[in-house]
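K.L.:
Listed below, chain by chain, are the residues.
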Amino acid sequence: MASGMTADHASNTAMRTRQDENLGELFARWQERKDPSARAALVERFMPLARSLARRYDRSSEPFEDLLQVASLGLLKAIDRFDPARGHAFPSFAVPTVLGEMRRYFRDCGWSVHVPRGDQERALRVRDAQETLANERGHAPTVNQLAQYLELDSEQVLNALQAIQAYESLSLDAPRPGAEDDGATYGESMGSEDERYELVELDVTAVAALRHIPARERAMLYMRFVKDMTQTEIAAEVGLSQMQISRLLRRSLDQLRALTRDNLDGD
Amino acid sequence: MAEHSNVRLSLANTAENVAVVRTVLAGLADSEDLDPGEFNDIRTAVSEACNNVVLHAYEGELGAMDVAIELGEDSIGVSVRDHGLGIEDQVLDDGAEGPGIGLHVIRTLAQQTSIDRPPGGGTRVSMEFLARGLDAMSPRLSSGPDLDLSGMPRFAAAISIAPVSLARAIIPRLAYTLAARAHFSTDRLSDVQLLADALSAHAGKAVCEQHVSLGIGVQPRDLQLSVAPLRIGQGRQLLRASDLDGLGKVIEKLADYHDINACQTHETLALSMLDRR
Chain V
1 MASGMTADHA SNTAMRTRQD ENLGELFARW QERKDPSARA ALVERFMPLA
51 RSLARRYDRS SEPFEDLLQV ASLGLLKAID RFDPARGHAF PSFAVPTVLG
101 EMRRYFRDCG WSVHVPRGDQ ERALRVRDAQ ETLANERGHA PTVNQLAQYL
151 ELDSEQVLNA LQAIQAYESL SLDAPRPGAE DDGATYGESM GSEDERYELV
201 ELDVTAVAAL RHIPARERAM LYMRFVKDMT QTEIAAEVGL SQMQISRLLR
251 RSLDQLRALT RDNLDGD
Chain R
1 MAEHSNVRLS LANTAENVAV VRTVLAGLAD SEDLDPGEFN DIRTAVSEAC
51 NNVVLHAYEG ELGAMDVAIE LGEDSIGVSV RDHGLGIEDQ VLDDGAEGPG
101 IGLHVIRTLA QQTSIDRPPG GGTRVSMEFL ARGLDAMSPR LSSGPDLDLS
151 GMPRFAAAIS IAPVSLARAI IPRLAYTLAA RAHFSTDRLS DVQLLADALS
201 AHAGKAVCEQ HVSLGIGVQP RDLQLSVAPL RIGQGRQLLR ASDLDGLGKV
251 IEKLADYHDI NACQTHETLA LSMLDRR
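Residue numbers (our numbering), protein chains in the order written: chain V, 1 to 267; chain R, 1 to 277.
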């Protein structure tokens, strides 16, 4: 330690050095030995960074929880790809990676860019008709039934369904059909029901991946794959539309696959 | 073009199958971020080429419609082929009616168009389109038999894809579209999509070639999916790989029935999904 340095500075430097060694060790344990606890520690350590980047993109049209999920996925990618041997600090690598993920998300969900207004309106009509018919008949309609009901051809309905899947704009804050009276939104109607589906119910105490899935989605995964409920039943249980359940299940499974390194992936 | 394509799709020449071809193109356009205007041209021209096969190739009979797609540097090549009488002679006539109009549209929208009679008969319309920003993709499908689906039952659609990483852009949409035809409810359609996602995600390590082939059979409320060519032992492994943290094997849970058929060189994973509502 150079003489003349203040005691505070010296101890800060020592702490930083210790932390950096610790970080290097954590990256080695994860990247070389696939130790999931090392990755969990890294995620925990850098989650505040992901959170602050997500906040940067916080806008009323996208629920913050969704943004945070995208930022977390970016963080995981950064943790996987970071090469400590290059001598850069992790945050200087992670920030562009996370921001890239956020930008990709906004590009993907940019209705105004990708989806003509007529198609947007049609998608919303299909979404509402889907819910109306499901309520009337007690089960989800077929594409042909939707097409008949809306006087569209089935290809138009299919395209609308794909658009609802692909674009995130039908967000949790979009008004629900029939919910005008109490102004309830999808997000609000979830309420505290999630708390019934604690991690322990899914028996995931030994696994890391599901811990990174928000409680809301974890509850849906549990209902679909453990309790074997249909998406329509889940929708009724949690007060979301079946289309919402479909989209959230799809995204959660994608995230689980990204998190589960031992699986066989396509690349 | 067809010999080195990234996607080969084989269907019957029905009008509703033209929408299936469009679905596959739309999947590629989304995943490769094609310019919407350029994609519109591709979509329109390819639809016209398919319509020609639907209307004119087999004189009112059913026959095969084969579509091959090749992703190139700033370009996309699509060929549409039938095994019928051949439209070329008619095209060479004045063409004011029938196929001539479609070909006029195609020639207007595509950068290059050629029509030939490939070995084995029939007619092939090959189109090359501008697709700025697109990267060439490899590996490609090798030449030889059109689809590696030997031993599979009859399918409404059969597709081969290389590289396997492209499967995610195509297979979920394709399965979704055909499940809609099988009168699945939107609820079960979403399950089909989840299952197709899982297949696409895990197929890469399971196949014994550099491509994946999928056959889809459609019956009322019954969708059959066959995935090949898997390395011996990999059918079961593919199911196991879909087991995500305490949720169980996602593919097995979403499907009503599964079976693994082995031949000497490879395995085929056969899945069936029903809508029992």
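Treat the hints with care, as some may be off.
[Unchecked claim] For lysine-lysine, the following DSS-like pairs were computed, each having C-alpha atoms within a straight-line distance of at most 30 angstroms:
{"hint": "1", "chain 1": "V", "residue 1": "Lys34", "chain 2": "R", "residue 2": "Lys205"}
{"hint": "2", "chain 1": "R", "residue 1": "Lys205", "chain 2": "V", "residue 2": "Lys77"}
{"hint": "3", "chain 1": "V", "residue 1": "Lys227", "chain 2": "R", "residue 2": "Lys249"}
{"hint": "4", "chain 1": "V", "residue 1": "Lys34", "chain 2": "R", "residue 2": "Lys253"}
[To be verified] For the chain V half of the interface with chain R, some residues (derived, Cβ under 7 angstroms), not all of them:
{"hint": "5", "residue": "Asn22"}
{"hint": "6", "residue": "Gln156"}
{"hint": "7", "residue": "Met223"}
{"hint": "8", "residue": "Arg257"}
Hints in this document: simulated from the structure, not taken from any laboratory.
Small disclaimer: the values here were computed from a predicted structure and weren't measured.
Where is the CB? At the ideal position from N, CA and C, for every residue including glycine.
K.L.:
Are any of the numbered hints broken by this structure? If so, which, sorted upward?
P.N.:
Hints 5, 6, 7 not satisfied by this model.
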